[in-house]
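Peer 1: Work the whole structure out from these sequences, hints included.
Numbering of the sequence shown is given in my numbering, commencing with residue 45 and proceeding in unit increments.
Hints were generated in silico from the structure; no laboratory data involved.
Hints may be right or wrong, so weigh each one.
[As the list claims (entries may be wrong)] Label pairs and their in silico Cβ distance ranges:
{"hint": "1", "residue 1": "Glu349", "residue 2": "Arg108", "range": "23 to 31 angstroms"}
{"hint": "2", "residue 1": "Lys103", "residue 2": "Ser256", "range": "25 to 33 angstroms"}
{"hint": "3", "residue 1": "Leu255", "residue 2": "Arg108", "range": "53 to 61 angstroms"}
{"hint": "4", "residue 1": "Asp90", "residue 2": "Gly344", "range": "52 to 60 angstroms"}
{"hint": "5", "residue 1": "Gly380", "residue 2": "Gly295", "range": "41 to 49 angstroms"}
{"hint": "6", "residue 1": "Asp367", "residue 2": "Pro318", "range": "48 to 56 angstroms"}
{"hint": "7", "residue 1": "Arg82", "residue 2": "Gly320", "range": "48 to 56 angstroms"}
{"hint": "8", "residue 1": "Gly380", "residue 2": "Ala104", "range": "25 to 33 angstroms"}
{"hint": "9", "residue 1": "Arg218", "residue 2": "Thr342", "range": "46 to 54 angstroms"}
{"hint": "10", "residue 1": "Asp326", "residue 2": "Asp205", "range": "41 to 49 angstroms"}
{"hint": "11", "residue 1": "Ser403", "residue 2": "Leu102", "range": "43 to 51 angstroms"}
{"hint": "12", "residue 1": "Asp109", "residue 2": "Pro334", "range": "43 to 51 angstroms"}
{"hint": "13", "residue 1": "Asp205", "residue 2": "Gly320", "range": "43 to 51 angstroms"}
[Claimed, not checked] Lysine to aspartate or glutamate pairs mimicking DMTMM-like chemistry, simulated, CA-CA at most 25 angstroms apart:
{"hint": "14", "residue 1": "Lys285", "residue 2": "Asp219"}
{"hint": "15", "residue 1": "Lys292", "residue 2": "Asp184"}
{"hint": "16", "residue 1": "Lys165", "residue 2": "Glu75"}
{"hint": "17", "residue 1": "Lys292", "residue 2": "Glu217"}
{"hint": "18", "residue 1": "Lys78", "residue 2": "Glu193"}
{"hint": "19", "residue 1": "Lys176", "residue 2": "Asp219"}
{"hint": "20", "residue 1": "Lys292", "residue 2": "Asp367"}
{"hint": "21", "residue 1": "Lys124", "residue 2": "Asp205"}
{"hint": "22", "residue 1": "Lys292", "residue 2": "Glu346"}
{"hint": "23", "residue 1": "Lys292", "residue 2": "Glu373"}
Only a predicted model underlies this, so the values are computations on that prediction, with no experimental measurement involved.
Glycine included, C-beta positions come from ideal geometry on N, C-alpha and C.
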Amino acid sequence: MNTPSNIAPPKNALTYADAGVDIDAGNAMVEAIKPLVRATRRVGADAEIGGFGGLFDLKACGFRDPVLVAANDGVGTKLKVAIETGIHDTVGIDLVAMSVNDLVVQGAEPLFFLDYFATGKLAPGQGVAIVKGIAEGCRDAGCALIGGETAEMPGMYADGDYDLAGFAVGAVERDAILPRRTVAAGDVILGLASSGVHSNGYSLVRRIVGLSGLAWDAPAPFASGRSLGEALLTPTKIYVKPLLAALKATGTAIKALAHITGGGFPDNIPRVLPEGTGAAIDLDAVSPPPVFGWLARTGGVEANEMLRTFNCGIGMIVVVGPDEASLVEAALAETGLPAIRLGTIVPQQGAERVTYRGSLAL
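Peer 2: Shown next, in the form of structure tokens:
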């Protein structure tokens with residue numbers, strides 16, 4: 045119904061902007077991130093963002109008998125460090141890493157990624173920095189950023205706060221799904237180094253930083269030339285391309301992969317083991333980055349608690365047969381991702397499925 049021209053608009057007429065949502069700012073952010081998104085294009089994904097849904101052409105990727113694999117995750121309270129330091133261009137890498145690393149452990153190639161960014165008041169510069177990191181992570185993983193959602197929700201988040209969620213989809217040939225049923229006692233466990241704390245345990249990290257009395261811009265006690273905030277925002281390593289290359293080069297030699305996230309060794313390794321088996325881990329083989337020693341000493345955190353909270357220097361494990369361990373080690377070294385001999389698969393004895401020998405050099 046048309047409003048008669050002689051009737052004035054009501055006094056104090058409210059707009060969406062008056063309620064705290066700036067549609068123009070959202071549109072400006074979409075325009076600003078289009079080049080970042082475009083840079084993540086890959087076979088199967090050529091469309092621009094801005095539609096109602098992202099498109100992906102699975103047939104173009106050349107799979108014979110594909111199974112789709114999906115994963116989603118967030119960044120956790122590591123976001124609080126980004127918010128309090130004003131450093132926003134790395135947590136997007138973490139967001140991608142936490143999902144695509146969960147895809148590759150099932151043998152899947154990540155195909156596309158979608159993000160969800162929620163904030164109380166949209167600051168386009170902040171949003172663009174976050175998406176810059178997401179795009180960088182997608183390029184590193186070889187997947188396309190085909191869409192996402194930016195939600196401005198005043199009253200839901202405090203000024204400056206935001207949250208992130210990520211959703212990744214990949215594909216694997218049906219006969220290449222991991223873990224394989226051939227995992228057995230006697231198999232060798234290889235460990236791949238982490239880049240640091242990754243994106244788990246930051247509620248404890250922030251508690252320890254509080255106990256230390258250090259500000260985020262103070263020099264990091266464990267990383268020369270970097271502030272504490274910068275060092276703790278070191279992004280999660282993305283293992284996708286090296287592992288896919290090693291899987292291709294070694295056929296069926298890799299039996300299982302496990303992403304070491306929250307819960308550390310004791311909660312993540314058993315997820316890929318058959319019933320009745322466990323893992324015997326040689327802690328003397330691990331060389332934890334200095335950040336873990338600082339966290340343990342400053343917070344008085346015992347070794348077993350460190351091992352269940354953090355990756356402690358190993359972000360991914362690879363299970364291989366004893367006769368093929370050297371082959372897989374060589375293939376991983378060729379990708380620039382050397383492995384260490386971390387332990388073996390053993391018959392389970394008692395309630396604990398992960399046991400240790402040696403000690404963690406914290």
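Peer 1: All hints are to be evaluated individually against the structure, with a verdict given for each.
Peer 2: A quick look at each hint next to the structure:
Glu349 and Arg108 have their C-beta atoms about 46 angstroms apart, which leaves the hinted 23 to 31 angstroms range violated. For Lys103 and Ser256, the hinted distance range of 25 to 33 angstroms is not satisfied, since their beta carbons lie about 54 angstroms from each other. In this structure the supplied range 53 to 61 angstroms holds for Leu255 paired with Arg108, their Cβ-Cβ distance being about 55 angstroms. Distance hint for Asp90 and Gly344: a CB-CB separation of about 54 angstroms, consistent with the stated range 52 to 60 angstroms.
Between Gly380 and Gly295 the beta carbons are some 21 angstroms apart, a value that contradicts the proposed interval 41 to 49 angstroms. As the Cβ distance of Asp367 to Pro318 is approximately 19 angstroms, the hint placing it in 48 to 56 angstroms is violated. For the pair Arg82 and Gly320, the supplied restraint of 48 to 56 angstroms holds, since their beta-carbon distance comes to about 50 angstroms. Distance hint check for Gly380 and Ala104: the Cβ-Cβ separation is about 29 angstroms, which falls inside the suggested range of 25 to 33 angstroms.
For Arg218 and Thr342, the hinted distance range of 46 to 54 angstroms is satisfied, since their beta carbons lie about 48 angstroms from each other. Remark: the range hint 41 to 49 angstroms for Asp326 to Asp205 is upheld by a beta-carbon distance near 42 angstroms. The given range of 43 to 51 angstroms is respected by Ser403 and Leu102, whose C-beta atoms sit roughly 48 angstroms from each other. For the pair Asp109 and Pro334, the beta carbons lie near 46 angstroms from each other, so the given range of 43 to 51 angstroms is met.
Roughly 47 angstroms separates the CB atoms of Asp205 and Gly320, a value that falls within the hinted 43 to 51 angstroms. For the proposed pair Lys285 and Asp219, the alpha carbon gap of about 20 angstroms is at most 25 angstroms, so the pair holds. Proximity of Lys292 to Asp184 is assessed by CA-CA distance (about 18 angstroms); at most 25 angstroms being required, the pair is judged to hold. Our distance criterion of 25 angstroms between C-alpha atoms is met by Lys165 and Glu75, whose separation comes to about 18 angstroms.
For the hint pairing Lys292 with Glu217, the CA-to-CA distance comes to about 12 angstroms; that is within 25 angstroms, so the pair holds. Between Lys78 and Glu193, the direct Cα distance comes to roughly 14 angstroms. Compliance with the 25 angstroms bound is thereby established for this hinted pair. Between Lys176 and Asp219, the direct Cα distance comes to roughly 36 angstroms. Violation of the 25 angstroms bound is thereby established for this hinted pair. About 18 angstroms separates the Cα atoms of Lys292 and Asp367, which keeps this hinted pair within 25 angstroms; it holds.
Our distance criterion of 25 angstroms between C-alpha atoms is met by Lys124 and Asp205, whose separation comes to about 8 angstroms. Simply put, Lys292 and Glu346 have alpha-carbon atoms about 40 angstroms apart, too far for the 25 angstroms limit, and the pair is violated. Taking the CA atoms of Lys292 and Glu373, the gap is about 14 angstroms. The hint holds against a cut of 25 angstroms.
Hint compliance for this structure: hints 1, 2, 5, 6, 19 and 22 are broken, all remaining hints hold.
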